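**Student:** As a plain string of letters, each chain reads:
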Amino acid sequence: MNTGNFKPAIIYTIYIASTPERVWEALTSAEFSRKYFFGNAVDVDQRIGGAYVVRQADGALHISGVVIECDPPRKLSFTFNVNWPELIEKLGPTLVTYEIEAAGDAVKLTMTESHDRPLDEDILSGGRQGWPAILSSLKSLLETGEPLVVKMAPPQRMLAALKRMGIKTP
Amino acid sequence: MSKPEFVYVVYIHSTPAKIWDALQNPEMTKEFWGRRRNRSDWKIGSQWRHENYDDATEVAVIGTIVESDPPRRLVLTWTHPNDTAPDAVSRVSFDIEEYKGSARLTVTHTDLSPEMLRAISTGWPAVLSSLKTLLETGASLPMTRQNWKKAG
Numbered sequence: 001m002n003t004g005n006f007k008p009a010i011i012y013t014i015y016i017a018s019t020p021e022r023v024w025e026a027l028t029s030a031e032f033s034r035k036y037f038f039g040n041a042v043d044v045d046q047r048i049g050g051a052y053v054v055r056q057a058d059g060a061l062h063i064s065g066v067v068i069e070c071d072p073p074r075k076l077s078f079t080f081n082v083n084w085p086e087l088i089e090k091l092g093p094t095l096v097t098y099e100i101e102a103a104g105d106a107v108k109l110t111m112t113e114s115h116d117r118p119l120d121e122d123i124l125s126g127g128r129q130g131w132p133a134i135l136s137s138l139k140s141l142l143e144t145g146e147p148l149v150v151k152m153a154p155p156q157r158m159l160a161a162l163k164r165m166g167i168k169t170p
Numbered sequence: 171m172s173k174p175e176f177v178y179v180v181y182i183h184s185t186p187a188k189i190w191d192a193l194q195n196p197e198m199t200k201e202f203w204g205r206r207r208n209r210s211d212w213k214i215g216s217q218w219r220h221e222n223y224d225d226a227t228e229v230a231v232i233g234t235i236v237e238s239d240p241p242r243r244l245v246l247t248w249t250h251p252n253d254t255a256p257d258a259v260s261r262v263s264f265d266i267e268e269y270k271g272s273a274r275l276t277v278t279h280t281d282l283s284p285e286m287l288r289a290i291s292t293g294w295p296a297v298l299s300s301l302k303t304l305l306e307t308g309a310s311l312p313m314t315r316q317n318w319k320k321a322g
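So the sequence lines, in the order shown, correspond to chains A and B. Under this note's numbering, the first residue of the first sequence is numbered 1, with each subsequent residue one higher. Under this note's numbering, the first residue of the second sequence is numbered 171, with each subsequent residue one higher.
No wet-lab data here; the hints were simulated from the structure. One should not assume that every hint holds.
No farther apart than 30 angstroms at their CA atoms in a straight line, the calculated lysine-lysine pairs in the DSSO-like style are these [what the hints assert, rightly or not]:
(1) A:75 / A:90
(2) A:151 / A:168
(3) B:188 / A:168
(4) A:35 / B:270
(5) A:151 / B:188
(6) A:163 / B:270
(7) B:188 / A:35
(8) B:173 / A:7
(9) A:151 / B:173
With beta-carbon atoms standing in for the labels, derived distance ranges [said to hold, decoys possible]:
(10) A:51 / B:211: 42 to 52 angstroms
(11) B:217 / A:157: 51 to 61 angstroms
(12) A:166 / B:278: 31 to 41 angstroms
(13) B:211 / A:74: 27 to 37 angstroms
(14) B:237 / A:120: 26 to 36 angstroms
(15) A:105 / B:213: 35 to 45 angstroms
(16) B:237 / A:151: 25 to 35 angstroms
(17) B:228 / A:58: 51 to 61 angstroms
(18) A:166 / B:317: 54 to 64 angstroms
(19) B:227 / A:39: 26 to 36 angstroms
(20) A:166 / B:197: 47 to 57 angstroms
(21) A:101 / B:270: 28 to 38 angstroms
Just so it is clear, the structure is predicted and the values come from calculations on it, not from any experiment. Idealized CB from N, CA, C, for every residue including glycine.
Using the sequences provided together with the hints, build the complete structure.
**Tutor:** So this is what it looks like as structure tokens:
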């Protein structure tokens, strides 16, 4: 997939008192993700072309994509498409990149969400709401042993915008 | 074209009151905000100064208190001392909310010049990440305990 035409739409940086290896593990394993990512299980086949899959607690497929770049523990880039009909056709794929750098004794984690076309702020509002909650919870999990269970209300503004575009959401 | 703004949201396992205190208490800010203190009487219209904890003559940022509604909302203006350029004054809002058993801190920095946007885009994530670590673990991120010369 040619990712050259993707442009960053959301960038979130957070510093975590941990190691790059631990942060990588937390981002790529279900054991961790179930705790900080609203009960969802992340499964990554860590090679270019490998599958990136997120399943809900009940096992249902929620998000799927393909690994574009994989350089553990520094950089992981993958497509991240929510499993709703016509989403990719109407909005294009979503590209997520994690960059993990040592920063003193801590880790600087940068998440970049990119798209191949400009998207309305109503559509992007879901990610703007979700990413800080997910990554704040991951940070708490790695630093304190307990996730910050942020029970997030569904992103109504984004869901209403998807509905206007004819995309069916649960 | 409107001037750029920078918005940073972080969820912290703490209370709005503790977060409010951390932003104003010198013994806290020196730990997560580059060994600096915020000096003010915090009354609306008063000046605030972001200065070196060990040397009050070294002032990194100055401004005025625009809004203060403890522990929910604090709004300050933000300028480098001696910067008289027309675009030198920006504005920072701290919104602190209880959110489902934790707290959500939203920092909105508006009216930014390109230079200040660059500086604070690096600064806020580090400072606010360290504030979260301090409140949740009792110790801040070590790299934010030291003075850095440039503000932001």
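**Student:** Sort out which numbered hints this structure fails and list those numbers smallest first.
**Tutor:** Numbers 3, 9, 10, 11, 13 and 19 - these are the hints that the structure violates, sorted from lowest upward.
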